[in-house]
Each structure stands twice: as C-alpha cells, then as structure tokens.
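K.L.:
One-letter residues, chain by chain:
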Amino acid sequence: MMVYLTRRYRFSASHRLHNDALDGEANARMYGKCDSVFGHGHNYVLEVTVKGPIDRETGMVFDLAALDGIVRQEVLDLLDHTNLNLDVPNFSSRVPTTEIVCVEIYGLLEDRIRGGGPLHAAGLARVRLEETNSNFFEYEGEPSVKEGN
Amino acid sequence: MIYVTRRAEFSASHFYHNPNLSPEENRRIFGKCNNPHGHGHNYMLEVTVAGAINPATGMVVDLKELKTILDREVLQLMDHRFLNEEVPVFRTEIPTTENIAVEIWRLLSSKLAFGRLHRIRLYETPDLYVDYFGE
Chain A
115 MMVYLTRRYR
125 FSASHRLHND
135 ALDGEANARM
145 YGKCDSVFGH
155 GHNYVLEVTV
165 KGPIDRETGM
175 VFDLAALDGI
185 VRQEVLDLLD
195 HTNLNLDVPN
205 FSSRVPTTEI
215 VCVEIYGLLE
225 DRIRGGGPLH
235 AAGLARVRLE
245 ETNSNFFEYE
255 GEPSVKEGN
Chain B
1411 MIYVTRRAEF
1421 SASHFYHNPN
1431 LSPEENRRIF
1441 GKCNNPHGHG
1451 HNYMLEVTVA
1461 GAINPATGMV
1471 VDLKELKTIL
1481 DREVLQLMDH
1491 RFLNEEVPVF
1501 RTEIPTTENI
1511 AVEIWRLLSS
1521 KLAFGRLHRI
1531 RLYETPDLYV
1541 DYFGE
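Chains A and B, in that order, are what the protein sequence lines are.
For the first sequence, the numbering used here gives the first residue as 115, with consecutive numbering after it.
For the second sequence, the numbering used here gives the first residue as 1411, with consecutive numbering after it.
Simulated from the structure, these hints should not be mistaken for laboratory data.
Computed from a predicted model, the values in this text were never measured in an experiment.
From the three backbone atoms N, C-alpha and C, an ideal C-beta is built for every residue, glycine too.
Please note that the accuracy of each hint is not assured.
Chain B regions said to be covered by chain A (calculated; three or more residues, Cβ under 8 Å) [unchecked claim]:
#	stretch
1	1427–1436
2	1493–1506
3	1509–1521
4	1536–1544
The shape of chain A in the complex, shown without the other chains (with noise of 0.2 Å):
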C-alpha cells in the first residue's frame, strides 16, 4: 500500500533573474521585469509530498513534525526572508528561477526523507513550488532514482 502525505509551507524571498553569461540585451529580452537590478520578491508556497507504506502502530506514513523539523532546517532557514542570489550560496552560480529553487529544494530534501525519518519505508515523492498563485512548478526527482527506492 503506497500513500502520498503532502504539506504546505511558506517562505518569502526576492530574487532577480539575471545569467551572466548573456549581454544586457539579451538578458532583457529573455527574463523582462524579472532582470530589475534591484530584485523583486514573492510569498512562496511549497508543498512536499511524502510517500510510503502507513505504519501499523502509528496509522502514519511519517511523523508530521519530524517533516516539520527537516523542512525547516534544510529549506525555510535557508531560504526564508533573504534575497536568494546573494544570500544563498546555493545560487550564487546558477538563476535561481523557480524551476532551479524547486530542483534545489527536492535535493535538500531527499536523503533526509529517505531513512532519515521516523518511518523508515517513506520517501520524498515530490516537491511543488507556487511562485505566485498563477504558476507553480513541480519536480519529482528523475525517473532512475525514482525506481531505485
């Protein structure tokens, strides 16, 4: 029996999407408003989903608040409340568009799942990133680590 627990969590960050590698032109061409020198911010909205057997003493597929812990160590004290392409050094060479931050994010987040928590037969199904609420991206590792769990 496979169920999927998802939980949503909320961080608010500025970035601004700018690659170094592309001439002024080209950078406004290709990320518009979004290459502003200044930055500009949103109100994120992260949902991780957690998939697994339900544990028969608990009626659990992992325990809500070691998913808590994990997620706040690893992603919201990281992330929340700085300007993501100087304050992060996981972005310091990379855009950090939303598809990377989600991609990042997953890979925070999967080793500590898997066997890290509580309940030992869960994994990281997938991480779902809303930028506002009109886009959002998901990411659910690629097909060979999936297999492999």
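Guided by the hints, dock chain B onto chain A, whose structure is given.
P.N.:
Here is chain B on its own, set in the frame of chain A:
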C-alpha cells in the same frame, strides 16, 4: 481517459491513540493529537473518477449519482461524528488522515457503477492532505 473530481466537505472529531503503547509513548508520538476528548477538523474530500466520455451524454460520470453515493457511503457515516467512537473501523484503527483516506477508498471503490475510482484526496487542513490511488 478523462478525470472527473467531485468535492465534499465533512466535519468530524478524532484523537490518536495506540492502546498497545504506554501513555508516555502515545504522548511522545502523537503530541496534542493524543488528547482523549478529541479535537475536530473540517475535512475536504476530493473523489476523482477516471473514464471515457460516454458519447450519448458527453459525460464520464453521472455527477448527481456520484454525489448520492458520496452522501450515502461517506458523509452519513463520518459527518459530525467522533470518528474513534462512532465509526466502527476506527475503534481498532487509528483515524489518521492516511487511514481515513484508505477507508474512504474501500467504501467507494466497489460502489461506483461507472468509471473507475482513480484517487482519494483528503484535506485535514488546507496545509495538509493525503492522496491514495488504491495501490
């Protein structure tokens, strides 16, 4: 293949307790959810049915019939109930959102005369939900 989802809301109370564990272990694992007097939620249930479009009606499922089945099989059983005391399966199973979602799948999967039950999504709060696909 088209997926049709119907939402239904119900309100219920529950608490988490495993009689095989000591009171200390129950408090450690379940925290404030272990309060034996129970606490409540407004659950939001999403039932997704998969099927082909019937050429005669242009529809995958008869939504009115789906609503009737949901009312009869799930809401009458769980709405405004203390799940631990009033829903027989939860006298022995802990009524976590995970277990409630699986139980709703069991209640519905054999009752649909149309389509195929694809997913049960159960929100305990807007920030916490469980998906079950019958796997």
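K.L.:
Against each hint, give a clear statement of whether it holds in the structure.
P.N.:
Results for each hint:
1. 1427–1436: With 3 residues close enough to chain A, the hint holds.
2. 1493–1506: holds (count 4)
3. 1509–1521: As far as the stretch 1509–1521 of chain B goes, the hint holds, because 3 residues have Cβ atoms under 8 Å from chain A.
4. 1536–1544: Contact hint for the stretch 1536–1544 of chain B vs chain A: holds, 8 residues under 8 Å.
Checked against the numbered hints above, the structure breaks none of them.
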